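As a plain string of letters, each chain reads:
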Amino acid sequence: MTDTTIPGDTVQSAGRTRRRLPAWAVPWARGTAGVAVFLLLTEAAGRLGIISRSALPLTSSVLARTVLLAGNTRFVADVGATLEAWAIGMAITVAAGVPLGVVLGSLPGVRVATRAIVEFLRPIPSVALILLVSLLLGPGLRMSVTLIVYGAIWPVLYNTIAGIDDVDPLAKETARAFGFSRLATIRLVSLPSAAPFIATGIRLASAVALILDIGAGYITGPINGPGIGAFVAQESTGASDLTVILAATVWAGVLGLALDLLLTGAQRRLLPWHQARLEDAQ
Amino acid sequence: MSWLWRWLVLVAGIGGWQLWASAARSAFFPAPSAIVARMYHLWFSGPAAHLFLTPDATGNILPSLERILASLAIATAIGFPLGIALGRSPVVTSYLNPLLQFARALPVVTMAPVFIVLFKIGTQMEIATIVFGTIWPILLNTMDGAATVDSVQLETGRVFRLSVWQQLVWVIVPAALPKAFAGFRLSLSLSLILMVFAELVGSSNGIGYEMSNASNAFDMTFLWSTIVLLGILGYLLNALLGGLERLVLGWHADMGRA
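So the protein sequences, as listed, match chains A and B. Note that the working numbering has the first sequence beginning at 1, numbered continuously upward. Note that the working numbering has the second sequence beginning at 1, numbered continuously upward.
Anything over 12 Å on all C-beta distances counts as not near chain B; from chain A, calculated:
| id | residue |
| --- | --- |
| 1 | P99 |
| 2 | V103 |
| 3 | D168 |
Just so you have them, the derived chain A footprint on chain B, three or more residues with Cβ under 8 Å:
| id | segment |
| --- | --- |
| 4 | 9-23 |
| 5 | 87-97 |
| 6 | 113-126 |
| 7 | 180-193 |
| 8 | 212-225 |
| 9 | 232-246 |
Simulated from the structure, these hints should not be mistaken for laboratory data. Since the structure is predicted, the reported quantities are computational estimates derived from the model, not experimental observations. We put the CB at the ideal spot given by N, CA and C, even for glycine.
Just need the whole structure built from these sequences, with the hints factored in.
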């Protein structure tokens, strides 16, 4: 976001300097204010009956329950299980997707030949495989990880190919002219140049992985083992208590945000030579 | 030549599967011929007057398609104008940013039980789930596109004394479109995922509902038929979007790369 219009440490015309927030703190302050106003408005809407209390619980009760859930050992175990499936799934996705993308990106022949298969596999929505995979492998971690890998590998694969395509041909030719082998060229020129694209693909994949992780648990229910999805499924059987479900949703959102921040931070740290590029090659 | 290769590999792949399936007789992997035959009987053997669609197809495939299209239309109708407005007002955006980031990070699947309580099981709940999941890529990408309009273009517009409205239509919206389309592409694949999810969770018709019936009956050929059908639908919707993109963004230099 552009913050150029923010009056930083300006001197007030009254002649005395008023302490203003430093420029970096302004977005934080505004963001906090935005969140606070949102929470107050929804709370007021609930209390004034604009939103029927029988339909949606009050914001304050949801927040209170959110805090309480952090001390609930079962829920904490569920969050841990969700994270575990996410981490294993993402590790396999990256370990398979990036090399595959490099191969397809650097060998046009293989790419053309496999294109039809890839183009027919990719549009199959990964959720559609939940029931098949749960019949095949039985519910559990193996099922979640399989689904995550299937759904998350496409953004990684496509962004890697796009990144390899985007490599400056001059840089590649130069490396070749200096006698670097094909593999060395890929390692020293193509991969560093494609890295920001790959990083964006991994971030997109992470969001898909979390949706599948929780969605699969929700559909197969607690027999899938612990997880946020199973927790929500259990809480929504019978007379569902929306306060708990919304509280779990808040934690799921926090988890999604935390994972995204983690990946963005890792991207900045590992790829300092590139400003974060947000093109997605989907 | 290349398309010949492509199809050759695909045909070889399906042929290999067919041979393997007829040899192995796996209960989980029916032969492609069996799947195609089942799909034909289930959905495409109807009267010519109904475009060969059977009642089963019109009762399940069409509702699913309607849900996707209606949801994407709603998500675009809200997300695109809002994205343009927020993209051009950095101050308002700085107040809303944490809320928007949180909403985007929210795995929408946990909201399904909430929507079930709010809207009861049925089309409304499904559309709510899909809209809630697909609006963020459109909104945030449009915001990004509208926020990064080339300043030379804006100044040029000002020099020519374009009204605010004209600037919006002739400068800002065209500049935001490529990013908006990238977001829309993400939303499209998300909408398929959420459509199936919502129909698995709470629906009395639709492809996801059929899929859940197939799984309960342990009818693997039926289950595979629904999966293949969803793959074909996804492919067609993507192709449709690609065509629309070429039509709308043909002038854009970065086209092809998006």
